[in-house]
Every structure is written in structure tokens, then in C-alpha cells.
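Chains as they are written, first to last, in full-length UniProt numbering: chain H, 1 to 333; chain V, 1 to 324; chain P, 1 to 506.
Derived from the structure by calculation, the hints contain no laboratory data.
Do not rely on the hints blindly, as some may be mistaken.
To be verified - Listed next, with one range per pair, are the computed distances between beta-carbon atoms:
1. 292(V) to 245(H): 19 to 29 Å
2. 144(V) to 341(P): 31 to 41 Å
3. 42(V) to 61(P): 41 to 51 Å
4. 178(V) to 321(H): 31 to 41 Å
5. 216(H) to 14(P): 46 to 56 Å
The beta-carbon is built from N, C-alpha and C at its ideal position, and this holds for glycine as well.
One-letter residues, chain by chain:
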Amino acid sequence: MQAGTLSTFLKRGAIWGFIVLELIFFSVAGEFLSLSDKAFMDAGNMLLLLKQTAPLGIIAMGMTIIMINGNIDLSVGATFALCAIVLLDSLTWPIFAGLGDGVIPVAWALALLTGIALGALNGLIVWKTGVDAFIVTLGSMLGYRGLVFMYNGEQPTSHLNWTLVDFAEAQWLGLHTATWFLLFVTVAIWFLMNRTVHGRNAYAIGDNRTAAVNAGIRVGPHMMINFMIIGFLAALSAVVFYSESGSVNPNDGELYELWVITAVVLGGTKLTGGSGSIISTFGGVLAIQLLRKGLAHIGTNTETVNLVIGLILIAVLFLDRQLNLKGKEELKV
Amino acid sequence: MAGLTKEQIGGILARQGILVAFALFMIGFSIANARFLDPDNIMGVVRSSAILGVMALGVTFVVISGNLDLSVGSMMSFSTIVVLDLHDKIGPTLAIPAMFAMTLCLGALIGFLVGYLKLNSLIVTLGMLSAIHGLTLTYSGGKNMDIADKAGTWFGVFGQGDALGIPVPILIFVLLAAGLGILLAKTPFGRKVYAVGGNRTAATFSGIRQARVVFSCYLISAFCVATAGLIQAGRSLGSQNTVGQGLELEVLAAVILGGASLMGGSGTIFKTAIGVLILGFIQNGLLLVGLQFYAQYVVTWIIIILAVWLDIAAKRGRLWSPIA
Amino acid sequence: MIDRAPVLRLEHIVKTFPGVRALDDVSLSVLPGEVHALMGENGAGKSTLMKVLGGIYQPDAGQIVVDEKPVVMASPLEAKARGIVFIHQELSLAGELTVAENIYLGELPRKRFGLVDWDTLYSRTDAILEKLKVGFDARTLVGSLSIANQQMVEIARALTVDARAVIFDEPTASLTDAEKVVLFDVIEDLKAHGVGIIYISHRMEEIFRITDRITVLRDGTHQGTVNTAETDEEAVTQLMIGRKLDLSRNVSHHEIGDVALEVRGLSCGHLFKDISFEVYRGEVVGFYGLVGAGRTEIAETLFGLRDPSDGKILLDGKEVRIASPAEAIARGISLVPEDRKGQGLILGMNCRDNITLPQIDDLKAGPFVDEGSEIAIFDKYRDRLDIRTPGWKQLVGNLSGGNQQKIVIGKWLAMHPSVLILDEPTRGIDVGSKSEIHNLIRELAAQGYAVIVISSEMPEVLHVSDRIIAMYCGRIMRTFTSDEVNEENLIQAISGIGTENGNSTA
Chain H
1 MQAGTLSTFL
11 KRGAIWGFIV
21 LELIFFSVAG
31 EFLSLSDKAF
41 MDAGNMLLLL
51 KQTAPLGIIA
61 MGMTIIMING
71 NIDLSVGATF
81 ALCAIVLLDS
91 LTWPIFAGLG
101 DGVIPVAWAL
111 ALLTGIALGA
121 LNGLIVWKTG
131 VDAFIVTLGS
141 MLGYRGLVFM
151 YNGEQPTSHL
161 NWTLVDFAEA
171 QWLGLHTATW
181 FLLFVTVAIW
191 FLMNRTVHGR
201 NAYAIGDNRT
211 AAVNAGIRVG
221 PHMMINFMII
231 GFLAALSAVV
241 FYSESGSVNP
251 NDGELYELWV
261 ITAVVLGGTK
271 LTGGSGSIIS
281 TFGGVLAIQL
291 LRKGLAHIGT
301 NTETVNLVIG
311 LILIAVLFLD
321 RQLNLKGKEE
331 LKV
Chain V
1 MAGLTKEQIG
11 GILARQGILV
21 AFALFMIGFS
31 IANARFLDPD
41 NIMGVVRSSA
51 ILGVMALGVT
61 FVVISGNLDL
71 SVGSMMSFST
81 IVVLDLHDKI
91 GPTLAIPAMF
101 AMTLCLGALI
111 GFLVGYLKLN
121 SLIVTLGMLS
131 AIHGLTLTYS
141 GGKNMDIADK
151 AGTWFGVFGQ
161 GDALGIPVPI
171 LIFVLLAAGL
181 GILLAKTPFG
191 RKVYAVGGNR
201 TAATFSGIRQ
211 ARVVFSCYLI
221 SAFCVATAGL
231 IQAGRSLGSQ
241 NTVGQGLELE
251 VLAAVILGGA
261 SLMGGSGTIF
271 KTAIGVLILG
281 FIQNGLLLVG
291 LQFYAQYVVT
301 WIIIILAVWL
311 DIAAKRGRLW
321 SPIA
Chain P
1 MIDRAPVLRL
11 EHIVKTFPGV
21 RALDDVSLSV
31 LPGEVHALMG
41 ENGAGKSTLM
51 KVLGGIYQPD
61 AGQIVVDEKP
71 VVMASPLEAK
81 ARGIVFIHQE
91 LSLAGELTVA
101 ENIYLGELPR
111 KRFGLVDWDT
121 LYSRTDAILE
131 KLKVGFDART
141 LVGSLSIANQ
151 QMVEIARALT
161 VDARAVIFDE
171 PTASLTDAEK
181 VVLFDVIEDL
191 KAHGVGIIYI
201 SHRMEEIFRI
211 TDRITVLRDG
221 THQGTVNTAE
231 TDEEAVTQLM
241 IGRKLDLSRN
251 VSHHEIGDVA
261 LEVRGLSCGH
271 LFKDISFEVY
281 RGEVVGFYGL
291 VGAGRTEIAE
301 TLFGLRDPSD
311 GKILLDGKEV
321 RIASPAEAIA
331 RGISLVPEDR
341 KGQGLILGMN
351 CRDNITLPQI
361 DDLKAGPFVD
371 EGSEIAIFDK
381 YRDRLDIRTP
391 GWKQLVGNLS
401 GGNQQKIVIG
411 KWLAMHPSVL
421 ILDEPTRGID
431 VGSKSEIHNL
441 IRELAAQGYA
451 VIVISSEMPE
461 VLHVSDRIIA
471 MYCGRIMRTF
481 TSDEVNEENL
491 IQAISGIGTE
501 NGNSTA
């Protein structure tokens, strides 16, 4: 076994260990505390959990590649809401009235294109102005949210299309549509990051940007593509979620960026870039969703979830630091 | 412009760009609508900017010291809810110091984690954002908090009162800005904040106890948040749990607009105050010229990007980034 | 010598930075199949020259000729495209990627749809690695390799392109003897294929073993190019050191006072072990050794930046524990650190604020900073050290290296320390400032300061020190007085030859 492999294994495995711990804890604690008679690890419950993981999970996959690339995207929540509005509103546009249910793919395409365009705009600004992605997306978080509100004021935008609802509520091989989307996205992004030139270059850029530039890798286009991907995924998340719910409030998606970043960091992706794993991010979102559901299961107020997740995030950061301390003789700076 | 080279003009724009932009906005809006420069209108804008402004003063310290604070929004919700709750339980005179003490404890916790344990401030305050939000909800049981006897309390003075003909929120903002401005610009502590943000290693090599400085900055930020919570609570005498939600990023926007670099080491209280006022006047001006309220977000977005872009463009001497 | 046109010529290169003429009319040519050594002390201009060649800096004058065609190296990429390959001293690898991905960084073999052609990638890489006889394979993560093996990855990278010239920058600094043999084989192999090689190293033994010609730089000027076979170590050293600066040996013997600092058996993990010495008032003690010998780490420990694992520090005869720089400063120790920009200065702050930073808590008028006394302090040290700046408001980042270093020294002199430690005080600054700083160090000793100077430049140590402590691998090998030291016994001591802890001052 090579040096470093064990600690890498421990780190990669940590999130799954945590999930197992959660499952055991909530199953046991549920026996004593649960308000319902159902076991926590009930199959239906777990399937539902996967489905509920999907909206954040899909975005988290995008955030992982953005962060591996050495950037961050705070605008995903606003992008999510704006794409949801485009989806629901375009279903009712008169020009598509003649299409019948044929409007569905058109509306989906419009929403997804909106997401790609918003992401591309972020990416282009980061690339061409050289302003830090944190500031660029902080700005567009406000800006995109402003567009959401300008669209329909503080009113919700609603349209229920029953064909869509049926599609979204369908189960195939036991899994819900949303779950399939999440699984598909996870596999696709894993493939992108581990098997394609773009993915490997994205790792290289985040890991050692100078080396990447000196080797002739064009940093800008890679960053831009990744921002387009996260825009697309935020839109896809909205499409999956709102096809079923049929109503979007202008505040929807607020704080999503924070939840998603939390999940990605829990999954072990470094803020400084260059390191991170898609599968671990999947574990990260699963862990958060489990926590939410588990705490509800044992009768804790749902409010406690935020508290627990925040503390866990800080604890993970602390543990990571302790593990990486080099020893007593280290320079105290 | 005789006597000024292109570089000099660029330099002035880079250094004083925020003031130039501010002046242009004021002129533009006042031409578009005469009511804009009406003293009542101006007073109204400043008054409604006070909460954001007070919080931005504290975050300025944190940002100059080279860190971030994303927790101020949910911390402000916490302060507001706590002081409203305690108001009815132990009376306003005790509730206020109790709320300040609790908020400062949260600030001290963050300061300890970032300063002494040297954890990444973005993640720590992100975690605290969530944790404090949860704390607030747990505290309030998820319900809105209201003062029972709204007519019979003097507590509203912090949000609604007037002193010397000036609304109290404005007075608090101005006094706090003056005090913190002097602290930052004129005292040894202020100098150390710039040093730690400018180069943490070199500051340590100069005998500055950087952990203590960072810790103090988070305490100052928490103090400002508590003050903002007091104004918020006094203004409405009742509140939702999420009253400060999203403010952390608006506050950060104001600080960045004021020219503080997220890398640390630069920025001033005065410029942050200007940044806050710009945000306030844009909102107001756009409403007066007939645009809807939410257009301000889009305009703010564009202004933030332009401000930071021009700033770094002036520093690197070229408009477009060298990224291939 | 091979009678063919050079693969690479650098002609009359001039490069100036604000305040420093880094390269002044430097020329260098490399023949096909030649190993050409580039030598010179730190700051002589070697790395600047290589950055010009690599397209990182643009020369102010002169030209680069590759295969008899003048070229403009606009970027590192262009240098690479023209077959100029660098093996960097500081590694430029991505630790989370595999060896193969690093070697083919930027040019991963592709299949359809932008997929990486892993089979081709790995088989090509393994073929190269086999040639290098390394103990890892193409699939290994670079981050899990030792530094030496990472170096081999860098070297492997050079073998993937059709190189015309390969530049090795201190390639053996972190290699074991066995790995060196492999490296030299690789160089032989490159030679046989007609590739030109520039080999930068301080190690004479290697230079004379593998190179064909030697070019020596000093203070940015070309001192000469000689055939290795026709010269010897002494002649090369002579060229490198020169006598342009007044670097005569220190012979002054002024009053030496009491012991200011005494260190007994100080250790810090594997960094240094069992260090004992003392410094008297009015004396300059030089620390000499190779990079990594532990000198800087001792200074950092004395300054409270590292916790010693064992041993005692005594100031004025009293044992002290120094847990932080703030405590060190309070006890009268000052450190002018090795990394001027990273550790010494806050580049975005003005000159005055940098100079008064360590004592800012004491410069108060009421609760406020007393700017009047700050300016007075600045003026005093600007005059005393002849710091050239338009005024105190100037940002330190805009000053030349020499003036920046004077700001750092001024900042610590203003603390009136009883023990002043200077770590590489003249690294990377111009000749004029260099000799000013040397004079200042002697002057300070004459005034009764206890001074420690850490330097990697032998002439400097010889010039300023009353005593010299030679270190090797974290241990003191020998302490010399200025009467008994010479270049030969000093070199022997820092190379690990000689008696350990030989103390001749007793």
C-alpha cells in the first residue's frame, strides 16, 4: 500500500461511516423516541429520502466540479428559482397553446437553456474580468433573485400540468423519477470528472493553476464550461422539483447555495480546489437529508436540524485540521 | 484635463471611484426626480439603511482582517428574537444587556474558531449561519415573537424614536460609524487589523498576536449585529425568525462596494458607509424614477461587478483579465 | 567539442527591475549534445536568465536564438513549443492527479467525445518510467510520492516532448545518490540524442563530473565561459566570488562585551539537534551551511515561532522561555526574516507604518497612535539607512528590493534590540545596498549589539563575522574564529566532513 492511501481511504470513507452511524443512531433512538410506529429504515421511508435528496443533490454535483476547479457559485439558489419560473410560466404561454402536452419538452428545454445561459454569464464574467468567483456569484445571486422578483412580484408563479405531475410521481424499479435523475446526474458527472479531458484538466487547474497554465491548459474555457454545467444542473433540479409541485415562490431556493456547499464540504471537497470526489458529495447530500429526516423521526423539532448541521460542518473542519497537523515543531504562523 | 496623465486619472478613479460613482448616482437621480434630494427623502433612505449599515460596520473589520462573516444575518435574527422575548420576561432594561451578552458569546465562539484554531472563516461562518438559525428557531419554537404590550413600552425608541430631531437609528449608525471609524483609523488596534489582513505571516513576525486581533474583529462584528437587532426589534416590536436572512450577503455587498478587498488589508469605515448609502439610494432612486423595487437587486449586481472589476483593472493596468 | 551550430543562443540579454540591473549583457550558447553548467551565487542572475529563456520575463535588450532562428519567447507555452523544457526546482505538479496525467498535463491523449485515452496514456508513460528505472508506475497519485520521486516525474515530463534544450535547475537538491546515478544516465541519454542541456547547480563535484562547459554569472554580469576539462574548482570559485564587492575577511577586533545570548542543547524535532552557542555583545556570529541545514529554524525558535523540544535559551544569563514573537520582542530579540516579502513586510502598507509596526502599542498619544513620533522614527531610520523613497506614504511594495530590505532592518533597529538576528540579509538585492548592509552590520556590532547573521553566501559570512558556526543537517559541525577560518575548512565543515561540535572558542 502506498503512503497516503490509507489516510485518503479514511477521508473518502468517512462520510459513509457517518451515514452508517446516522442510520444506526436513528433506528435505535427511533425505537424509544419515535412518534410513529414505523421503523426508520423502512424501505418506503428510504425511497422517499432519496427522492427528497434529489433537488439539492443534483445542484451539489455541479458545486463539486466548480469547487474542484477552484471556484465557488453562490448564485445557484437564485438560478434554481428563475429556471423554475421559466418552466412553469412557459407552460402557459399562448404561442405554445397549440402543442398540447407537447409543450412539456419545450418548457423543459427553455428552463434548462435559461440555466445554462445564467451559468455562462457567471463564467464569462469570472473569465474575462478576472474578478473572484465568490464576488461575481455573490453579485449575480442578488441580480438573478432580482429578476425572479421582477417577473411576478411577490406572487407565486403556479401551473399544474397533470401529465408532468404523473411523470414526476412515477416510480420505476421502485425509485422515483427524481431519484433516477439524481443517480443519472451523479454517474454522468463522475464520468465527466474522471474520464474526460475536460474533467482531468479541471482537477489540474484547481490543484496547481500555474502548472496548468504553463502546460498550456486554457483555464478560462474550462471554468466557463463548469459554470454552464452548474447552471444546467440548477435548472435541472428546478425542472425535476417543480414539475411535481407546480408552484414557485419568489423566495424558493434561498440558502440553497449554503446547503449545497455544506454538503460538498462534508463530502470532503477542498475549498482551495484540486481535490474532491463526486461519490463523496453524493454521500454528503445523503448524510444531510438523513439527518433532517432522522431528527424528525425521533421527534426533534425540525428546527434543530440547522443547528446540528452547522455544528457538524465546523466539527468536520476542526477534525480535518487536527488530522493534518504536522507536529510540535511546526512554524507557529 | 490638462496636467493629468491617463494613468493619474485612472489612479484617482481607482482610489476614489466609489465617491465618483456615488456623486454620479445622486446627480442622475436628482435630475430624474426632484423629490430625490428632498431632506425628508434623504432622511428616510438613511434611516432605512441603518440596520444594514450598522452590520456592515462590523463586517468591515472582519473583512479588513482578511476573513469573512456570513453569519451576521442569522445572528441578527437571533438578537432580535432574544431581545423581544426577554423584553416581556425580564423587562427591557435587563433584556438589552442580556441580549448583547448572548450575541457577543456567539461572536466570541466564531472568533475563537477562526482566530485561535485558524479554521477557514468562510466555512466556519457558513456553519454558524446554519447553527444560529437553528438556535433561533429552537429558542422561539418556530413562532413569531411579539411584545405583548406594544403601546406601553419605551422599547420602540431604538427603532422609531427621535432625538434632537434625528431618528434614533440614524443617530446610532452615525455614532457607531464615528467611533469605529476612529478605532480603525487612529488606534494601534486598527493598525494591527490592517497588518493582519495585509499579511498575516508578516504581522506575526512583527510580534502581533494575530489570533487576538481576529478574535476582537468578530467581537466587534457581533456587537454591531446586536445593535442592529436592537434597532430591528424596536422598529417593529415583533419579528419573524428569519428577519435577518440573506442580509449577510447584502452586507458583504455594501462592504465590497465600499472598496474593501476580500483578500484583506484594505477598506475604511467611511467608504463602507458610502457603500451602504449607495445601496440605499439606488433602491430609493429606482423607486422614484418608477422602476419596481426589485430592480435594485439587478442594478446592485451590475454595480458590484463593475466596482470590483475597475478596481482590479486599475491595479493590474489592463481592463481584461490575462486568463487564457 | 562537437562542431555544430548551437541549438540555443542567448545574446546580450539585458533585464532591469526597478532599482536593480538583474542581467547586464549576458550571453550563453548551448551546443547540441552539450551539458552546459550555469553557475553563480544566489542573486547572480541565473534564475532571471532562465525566466527570460522560459518566456516568463521579457528581456529589455538582446535576443534568443533557437536553431539559428531568432525567436520571441512570449510565454512559457511558446518556450515549450520550441522544445525548451524546464525541470523546475520548485515542483509544478498537481498532487491529486496520477503520474501519467502530470507528465502529459495539457496534452492528454484523446479518444472521441473528449474522452481520455487511458490505455495510450498509461502505456506511453510506463515506457518513459521504465527508462528512468523508477519504483512507481503511471497510475500512482503524485501526491503520494516522495519529493525525490516527484522530481523524477518532472524529469519524465521533459522526455515526452521533442526537446531541443533541457534546463535542469538544481535537480539533485533532493535526490539520493542512487537517484542521482539514474539522473546522470538520463542526461547522458539526452546528450546522445543531440539535445542541449543547461545544468544549474552549486555542487562542484557534479559540475566537474557531467558538464562540458561552464558559464559563470556574478551580479548580473557574464564572468566568463570555460571548458570544464581545462579548469578547476578554484578557478571557477574565483569567477563566482570575484572581488568586486569589498568582501575582504573580517579582521576587526573591537571590544567584546558580556554574553548576551546563550543557547544550550537546543533541539527541535528533526529540524536541529543539540545546538549550543553563545553570542557576546559587540560580536557578529555568522551561521553558514547549506539550505536545509537548520539555521533558519534555529532563528525561528529563538524568535518564539517554534517550540523547542529540548534545551535552554539564556538571555543575559537568565533562562527564558519564548513562546511567541511578541515575547521575543519584549525580551529584546529582533529577527530580520529570510523571506522579505512574505515575512518581513506588509507590501500594501506604507513605509512608516511598516517601520513602526512592532512597537505600535507603545507609540500612543492617549488612546491614539502618535503619528508625529511615528514620522520621527521613520525619518530617523530613513536617514540612517539611506532608504530611498519619495516619502513615508509610499507603499513598501513599490520600493526596490534593497530599499525594502532596509525598511525591514530599520523596523528592527527601531526596537533597539539586544540581540539582532539577520537571516539572509542581502539575498536578491543590488550590490550597492549589499555593501551598505554589510557595513551597517559591522557598525552595529561596534556599537555593542549582539548580532547573528545567517547567510548562504560564503564571502558574506567571512566578511562580516567575528566567529562562524558551520552547520550540517541540523547540527553544529564546528565553530571558527575569524583567524582560523578559510574557505576550504568552511566548505568541509558544511559538507559534513570534520569534527562535530568542535568548539574552538573555549
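**OP:** Please flag the earlier hints that this structure goes against, numbers listed from lowest up.
**Re:** When the structure is compared with the hints, numbers 2, 3 and 5 turn out to be violated.
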